[in-house]
Amino acid sequence: EDKVVQSPLSLVVHEGDTVTLNCSYEVTNFRSLLWYKQEKKAPTFLFMLTSSGIEKKSGRLSSILDKKELFSILNITATQTGDSAVYLCAVLYFGNEKLTFGTGTRLTIIP
Amino acid sequence: GAGVSQSPSNKVTEKGKDVELRCDPISGHTALYWYRQSLGQGLEFLIYFQGNSAPDKSGLPSDRFSAERTGGSVSTLTIQRTQQEDSAVYLCASSSYSGANVLTFGAGSRLTVL
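Chains as they are written, first to last, in my numbering: chain A, 1 to 111; chain B, 1001 to 1114.
Excised from the complex, chain B in its bound form:
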């Protein structure tokens, strides 16, 4: 597609449930990032995928968070046993890894944990 596509755009779930957030990057972009933005806060890095290299998971806040990227394209961020503090907007971005690292962001998935 022309841009980074994320789904769902909004997700309301109950505490303790698992959620999956999907990101479809720009075609041909080899690098994919997940960030989290809590209310009134900046963007917090979660995980980075580059081609077939092992992902940089250094930003994942707990072992309840995981992400995978299948076939070097679509990525899924999974949050298990959601907690209220997980409520945030989850932003996905991709780049062509030309060395410039200009990320193109999706519109985000707003997660609300009740």
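Pulled out of the complex, with its shape left as it was, chain A reads as follows:
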């Protein structure tokens, strides 16, 4: 069974800190990796990564994929209270049109 493992499960930091969230996956038929942010209800799309070593960036958020070591990281710099959310990692495999999600990392930013 395809597995996506996220760490840490939860993280509490102070506003202004930088955080790094991790996502590892299994290699067989890997196609792409996606990051979502879930605040209250609907997960919202952040990034999709397909190629190794190419950083995707949006404001204070950035993400990169390492296809050799089979993981991705999501970095958030200068964190704000609005960054508090569950961050979900999902992987798409060839031959399978469903996204396989990790359990998420719950990030809490303390003012």
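Just to be clear, a hint being listed does not mean it is correct.
[Stated by the list, open to error] Taking lysine-lysine and the DSSO-like style, the derived pairs with C-alpha atoms no more than 27 Å apart in a straight line are:
#, chain 1, residue 1, chain 2, residue 2
1, B, K1015, A, K3
2, A, K56, B, K1015
3, A, K37, A, K56
4, A, K3, A, K41
5, A, K56, A, K68
6, B, K1017, B, K1057
7, A, K41, B, K1057
8, A, K3, B, K1057
9, A, K41, B, K1011
[As the list claims (entries may be wrong)] In silico contact screen, one side only, chain A against chain B (beta carbon under 10 Å); selected entries:
#, residue
10, F71
11, N75
12, N96
13, T100
Calculated from the structure, these hints are not laboratory results. Every residue, glycine too, gets a C-beta built ideally from N, C-alpha and C.
Keeping the supplied structure of chain A fixed, place chain B upon it in accordance with the hints.
Same frame as chain A, now just chain B:
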């Protein structure tokens, strides 16, 4: 509509009753997914529809769960004889199947089985 619309947003039911959850995807999106999210858990795949192809039902947890998609648009997830373990948020998502598979999610239907 502009986004994925789900109804009801909240549903409380008694054990043993049947429930129907509705999803209205983004107009023009050919792919539609149902996921379930239990408290503190990640998203669990239930079923996937793509155009007129046979749906991928591999994630449905039991034969009490079924889903249909009429006219390639609106989908209904039906849970028969609900059990307490069915309590969860049921999320629907759609995508344009451009090969990118970036799903757009609805706000979900929170089901509580007493």
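Hint check results:
1. At roughly 32 Å between alpha-carbon atoms, K1015(B) and K3(A) are farther apart than 27 Å, so this suggested pair is violated.
2. Pair hint K56(A) plus K1015(B) does not hold up; C-alpha atoms about 46 Å apart against a cutoff of 27 Å.
3. Using a Cα cut-off of 27 Å, the hinted pair K37(A) and K56(A) holds, with the two alpha carbons roughly 15 Å apart.
4. This hinted pair checks out: K3(A) and K41(A) have alpha carbons roughly 24 Å apart, not beyond 27 Å.
5. Taking the CA atoms of K56(A) and K68(A), the gap is about 18 Å. The hint holds against a cut of 27 Å.
6. For the hint linking K1017(B) to K1057(B), the alpha-carbon distance of about 22 Å falls within 27 Å, and the restraint holds.
7. With a C-alpha separation of about 24 Å, the suggested pairing of K41(A) with K1057(B) holds against the 27 Å cut-off.
8. Our distance criterion of 27 Å between C-alpha atoms is met by K3(A) and K1057(B), whose separation comes to about 19 Å.
9. For a cut-off of 27 Å, the pair hint linking K41(A) to K1011(B) stands: about 15 Å separates their Cα positions.
10. This hint is violated: F71(A) has a C-beta 17 Å from the nearest C-beta of chain B, more than the 10 Å allowed.
11. A least Cβ separation of about 21 Å between N75(A) and chain B goes past the 10 Å threshold, and the interface hint is therefore violated.
12. Interface restraint check: N96(A) against chain B, minimum CB-CB distance 8 Å, threshold 10 Å, status holds.
13. The closest approach between the C-beta of T100(A) and any C-beta of chain B is roughly 7 Å, which is under the 10 Å cut-off, so the hint is satisfied.
In summary, the numbered hints that this structure violates are 1, 2, 10 and 11.
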